[in-house]
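Chemist: Listed here are the chains, written in short residue letters.
There are 2 protein chains.
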Amino acid sequence: MSTISRAAQFAQRTAHLRASTIREMLKVTQQPDVISFGGGLPAPELFPTEAIARACSRVMERLGPAALQYSVTEGIPEMRVWIAERLTRRFGRIFEAESVQIVNGSQQGLDLVGKVFLDPGDHVVLEDPSYLGAIQAFDAYQTRYLTVDTDEDGLLPDSLERVLERADPFPKFLYLVPNFQNPTGRTLSGRRREKVVRVCEHFGLPIVEDDPYGELRFEGSDLPPLISYESAAPIVYLGTGSKIMAPGMRIAWLVIPDDEIREKIVLAKQGADLHSGTFAQYVFHEYAMDGDAFDAHVRTIAQTYARRRGVMAESLAEFMPEGVRFTRPSGGMFLWVTVPEVDTTELLRISTESKVVFVPGVNFYPGRNVNDGMRLNFSNASEKNIRVGVERLGHAIRVYKGVS
Amino acid sequence: MSTISRAAQFAQRTAHLRASTIREMLKVTQQPDVISFGGGLPAPELFPTEAIARACSRVMERLGPAALQYSVTEGIPEMRVWIAERLTRRFGRIFEAESVQIVNGSQQGLDLVGKVFLDPGDHVVLEDPSYLGAIQAFDAYQTRYLTVDTDEDGLLPDSLERVLERADPFPKFLYLVPNFQNPTGRTLSGRRREKVVRVCEHFGLPIVEDDPYGELRFEGSDLPPLISYESAAPIVYLGTGSKIMAPGMRIAWLVIPDDEIREKIVLAKQGADLHSGTFAQYVFHEYAMDGDAFDAHVRTIAQTYARRRGVMAESLAEFMPEGVRFTRPSGGMFLWVTVPEVDTTELLRISTESKVVFVPGVNFYPGRNVNDGMRLNFSNASEKNIRVGVERLGHAIRVYKGVS
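Going down the list, the sequences are from chains A and B.
In this text, residue positions in the first sequence follow our numbering: the first is 1, and each later residue adds one.
In this text, residue positions in the second sequence follow our numbering: the first is 1, and each later residue adds one.
Keep in mind that a hint or two might mislead.
Partial pick of chain A residues on the chain B-facing surface, computed with a CB cut under 7 Å [unchecked claim]:
(1) Ile4
(2) Phe10
(3) Thr14
(4) Ala15
(5) Ala53
(6) Phe117
(7) Leu118
(8) Ala272
(9) Thr278
(10) Phe279
In the EDC-like style, the derived pairs of lysine to aspartate or glutamate whose C-alpha atoms are separated by at most 20 Å in a straight line are [to be verified]:
(11) B:Lys384 to B:Glu341
(12) A:Lys384 to A:Glu341
(13) A:Lys27 to B:Glu98
(14) A:Lys401 to A:Glu341
(15) B:Lys401 to B:Glu322
(16) B:Lys27 to A:Glu98
(17) A:Lys27 to B:Glu314
(18) A:Lys384 to A:Glu45
(19) B:Lys401 to B:Glu346
(20) B:Lys195 to B:Asp149
(21) B:Lys27 to A:Glu45
(22) B:Lys384 to B:Glu98
The hints are simulated quantities; they were obtained by calculation from the structure and are not laboratory data.
For clarity, every value in this text was computed on a predicted model and none was experimentally measured.
Yeah, the Cβ is synthetic: ideal placement off N, Cα and C, and Gly gets one too.
Build the full structure now, drawing on both the sequences and the hints.
Modeler: Below you can see the structure in the form of structure tokens.
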């Protein structure tokens, strides 16, 4: 139909390209005997259900109708202060509540970033591979991608420099997930963080730093986010309550110290949906206000996921055929498996019959040029199912290779 | 800064043009002794606070973690069924749950419609005057507007026909608010509804029908929405829970029988924020499921607003100088005052000193070419304050005219 916008047509073409496998895969996961490493769901049994129920009652008692009325676009002041204080406490640099914009999950943050920065044909710089949801959000703005090489310690600053020297047109921003990246589970090393900031500062390239998993560290110490470095190039930071409280509340946040960019983001948010849920924000804040309980709950999530990561890594070592490599992330929800000479999109067909699914790695490469990766989620399955699922996956690889 | 997208720059220019007066006005309303007819807030004292608190508890007891997890982009099935059934019951045509997309308030519905239909430079057809929030949502897509004349019975089908005959480029859709329009309070008459549908069908023009106030009828019978007519041209219908439950929950809906448009809208919603709040949807549905209580509550809201509309109309008749005209809407939240030979933007400066504010009409005209209108909200002030505020407004007009 000719009435459909070019942006919507473009988004549909790219979505078909990138996500049709995933949609098919997610349908399969609704069968009860299928073990899914495919989605990106937190463990629902760890949601603080009772504490949230209590927070709902307290908000209604204390605020009544004020918790249900329209509210300001930037977010309720209590939430903005809580976020600024938590970042300040974690990273020893002062973050201002005025820099915070509340959004409906990080996905909306990415969409607003796209709306404010991107015109059709613009370039965005991505890690290779990169987070699929970000690619989908930017696709809506008819964007093209430049990719930077990565290794075990994340994005390579030298590769970034080479890409920026040659880029034409010059890109609008670098998007990256520095902690326990989706999809690889890798973390940008401490030494590289300042280098990445300096390269971007040198070229005047804004950074969009997406940090959904930073609080879910299993071992080692927190590394400072890129936004904690002084830089002349603007940095937009995304955090979320989805992994440390519950995704169904749709509470996430942008931290945007740059006044001009923030002003445009606020205006874009106003046009997009006026403001995020007043009630959901008050309930989140009421729940998070009890700092000790909140921190204890985040630790419980991290410890549970650490055990699941451990079981998955051990099972991979036990059940994978020779030559298969995998990451052992220090946090987050995903690890990455490389199966040399195997097209994992084909492998998924076989593994689905064996009742185990994952996301084929090709979907995370903007150029769709690497076929031997798999993203495995370890947050949403029990330790027992992780072991059974990895064994099934090993079997499927052997069937694929015709050795079973 | 050159990194800002053309769309964001355009949105900012138009927002400055259209909304800076309003932002200033809303700041003033935070002073406690100011009577505001300016905002568009429902009466918070009518929010079903206790029933919502009970719904929160019941949802948590019954569903637990499932109410807090990620959910599907289209919305939870229970909400989609509830909306389809309510429309079917009200209008005697069958609406399908599959046509429904849940969004975060009508504003997000308008934004998604913009994303799916509009490219830079495209035309949208609007009533003159028209709803400011829609203009702001469409502005983000660098849109231009064609306007159709209106009278006491709403949009004039003959004027629409003339506009479409001459339009170049041909517009992407007609946007209208058929019931108790924002800003005028006028309702598109029953006789004209089918005519508007037929004109659009003849020209193949999609219709975007925004119906936030339809359930708040004070007198007379419901008129069928445009979407209840059979038509070869697609119709997208927007409804919301903001006026019949509470805006802070951010629950609204699109009804999109056309498969191709709906598919694009779902994809745009997925890119925009994955899905609306799972918990908020379950709480809304739990509350709404008790149909008798829900209907009784909607009647209470309508009766309260009807009394306030009555007091405002009587006060206008009593306190306005000769020559001032005003509408007497049969529902909704706004009425429209015409003050011949008065620039109401100037008048607002004077009335602010008299501690009463409103939205100057010029902001609702896409061409910004009519200066003598005022939009008055009657849902958010008490009957006593409405009377006092209108008296102050009459005084301000006399001051403006130099007769006081």
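Chemist: Compare the structure with each hint and give your call.
Modeler: Now the hints, each set against the structure:
1. Ile4: 6 Å, holds
2. Phe10: Check failed: Cβ of A:Phe10 comes no nearer than 11 Å to chain B, outside 7 Å.
3. Thr14: Check failed: Cβ of A:Thr14 comes no nearer than 10 Å to chain B, outside 7 Å.
4. Ala15: 6 Å, holds
5. Ala53: 4 Å, holds
6. Phe117: Cβ of A:Phe117 sits 6 Å from chain B, so the hint holds.
7. Leu118: 5 Å, holds
8. Ala272: At about 5 Å, which falls below the 7 Å cut-off, the nearest Cβ of chain B leaves the hint on A:Ala272 intact, so it holds.
9. Thr278: Check passed: Cβ of A:Thr278 comes within 3 Å of chain B, closer than 7 Å.
10. Phe279: This hint holds: A:Phe279 lies near chain B, its Cβ roughly 5 Å from the closest one there, short of 7 Å.
11. B:Lys384 to B:Glu341: 29 Å, violated
12. A:Lys384 to A:Glu341: 29 Å, violated
13. A:Lys27 to B:Glu98: 17 Å, holds
14. A:Lys401 to A:Glu341: Roughly 9 Å between the alpha carbons, so the hint for A:Lys401 and A:Glu341 holds.
15. B:Lys401 to B:Glu322: It holds: about 12 Å lies between the C-alpha atoms, which stays within 20 Å.
16. B:Lys27 to A:Glu98: 18 Å, holds
17. A:Lys27 to B:Glu314: It is violated: about 60 Å lies between the C-alpha atoms, which goes past 20 Å.
18. A:Lys384 to A:Glu45: 15 Å, holds
19. B:Lys401 to B:Glu346: 11 Å, holds
20. B:Lys195 to B:Asp149: Cα-Cα ~15 Å, so holds.
21. B:Lys27 to A:Glu45: 44 Å, violated
22. B:Lys384 to B:Glu98: 46 Å, violated
Against the hints set out earlier in the document, violations occur for numbers 2, 3, 11, 12, 17, 21 and 22.
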